[in-house]
Amino acid sequence: MRDPNQIYEVDEDVAADLRQSSEEVAGVGPVLLHVVNGFVDAGGAGQVATDHLQESFGSRRLATFDVDQLVDYRSRRPTMVFDSTTWSSYEEPELVLDVVPDAAGRPFLLLHGVEPDVQWERYAAAVRQLVERFDVPLTVGIHGIPMGIPHTRPLSFTAHATRAELVADHVSWLGTVQVPASAAALVELRLGQSGHDAMGFAVHVPHYLAQSSYPQASITALQAVERATGLELNVQALEKPAREALAEIERQIEASAEVGAVVRALEQQYDAFTEGRVRSNLLSDPTQIPTADEIGAEFERFLAQQGGDDTPR
Numbered sequence: 001m002r003d004p005n006q007i008y009e010v011d012e013d014v015a016a017d018l019r020q021s022s023e024e025v026a027g028v029g030p031v032l033l034h035v036v037n038g039f040v041d042a043g044g045a046g047q048v049a050t051d052h053l054q055e056s057f058g059s060r061r062l063a064t065f066d067v068d069q070l071v072d073y074r075s076r077r078p079t080m081v082f083d084s085t086t087w088s089s090y091e092e093p094e095l096v097l098d099v100v101p102d103a104a105g106r107p108f109l110l111l112h113g114v115e116p117d118v119q120w121e122r123y124a125a126a127v128r129q130l131v132e133r134f135d136v137p138l139t140v141g142i143h144g145i146p147m148g149i150p151h152t153r154p155l156s157f158t159a160h161a162t163r164a165e166l167v168a169d170h171v172s173w174l175g176t177v178q179v180p181a182s183a184a185a186l187v188e189l190r191l192g193q194s195g196h197d198a199m200g201f202a203v204h205v206p207h208y209l210a211q212s213s214y215p216q217a218s219i220t221a222l223q224a225v226e227r228a229t230g231l232e233l234n235v236q237a238l239e240k241p242a243r244e245a246l247a248e249i250e251r252q253i254e255a256s257a258e259v260g261a262v263v264r265a266l267e268q269q270y271d272a273f274t275e276g277r278v279r280s281n282l283l284s285d286p287t288q289i290p291t292a293d294e295i296g297a298e299f300e301r302f303l304a305q306q307g308g309d310d311t312p313r
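Position one of the sequence shown corresponds to residue 1 (our numbering), numbered consecutively onward.
Treat the hints as calculated values from the structure; they're not laboratory data.
Just so we're clear, the structure is a prediction, and the values are computed from it rather than from any experiment.
Heads up, a few of these hints could be off.
[What the hints assert, rightly or not] Cβ pair distances, simulated, as ranges:
| id | residue 1 | residue 2 | range |
| --- | --- | --- | --- |
| 1 | VAL171 | GLN193 | 24 to 34 Å |
| 2 | ARG76 | GLU250 | 47 to 57 Å |
| 3 | GLU94 | LYS240 | 53 to 63 Å |
| 4 | TYR73 | VAL259 | 35 to 45 Å |
We put the beta carbon where it would ideally sit given N, CA and C, even for glycine.
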């Protein structure tokens, strides 16, 4: 593998300021939150969260990746604007690491932009270099995945981590599954193998909203990040757009009897599944409580009834 240091450039002035502010404000290195586009992000859970963080707190560019080495332009073409007789603009892809202060002034790192198409191992090694250089204690990823659930019920998420202790408070509904890889997943795997803590939250988004902006998914993701890291991310600012999105969803459902029937069916399935879990948890004889594998198998059967590939990615 070629030197990972050659695919990114660090702004040394911003790096020096980060080192000083981390010591003064937090006393430890900054948490790293990574949200890269190109893989599954149902409801725009990760993208809306990224936009919110940048708009709420501002940011300074710490490191810039050389996307010419990482992006396959022919498979994922950027857009350009042609104005009458000339090319007027080019939407240049980027993959960057920013320093963002939370609501309490504590700095954290936000890695965002396009997912690399090539050189994943080199990219993962580069992220590890940055984690080690800036003494990052925890790396966290977020995105949305489509699920056969109704928008009228609380959103849940799949939590995963490099150590079981990091997700001890979260229920795992899946056993062993094989899924397509992503650069973000590889980063988490390689960080864990090198002794660094990393985790992620895949928010379950109603499959019929997967292609829409669904701010409630971002709220769920950022609240999970807050609990895991102690950061204050001004999540309440997303409540208004979440209410507006919900109102629009309800208007569309009211206008379509067919869509309404689908939502009601999902509600019945969701409630039946949830009620079954509650009854199992209330069994007086602890020897009758289902094992993790049994619960995972039940959940997989539930997903299969939805008629789609809802396996977490």
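Now for the hints, and whether the structure bears them out:
Checked against the hint of 24 to 34 Å, the pair VAL171 and GLN193 passes, with Cβ atoms roughly 25 Å apart. Between ARG76 and GLU250 the CB atoms are about 35 Å apart, so this pair departs from the stated range of 47 to 57 Å. Our hint of 53 to 63 Å for GLU94 and LYS240 is violated, since their Cβ atoms are close to 29 Å apart. Range check, TYR73 to VAL259: about 38 Å between beta-carbon atoms, so the 35 to 45 Å window is met.
Comparing the model with each numbered hint stated earlier shows that hints 2 and 3 do not hold.
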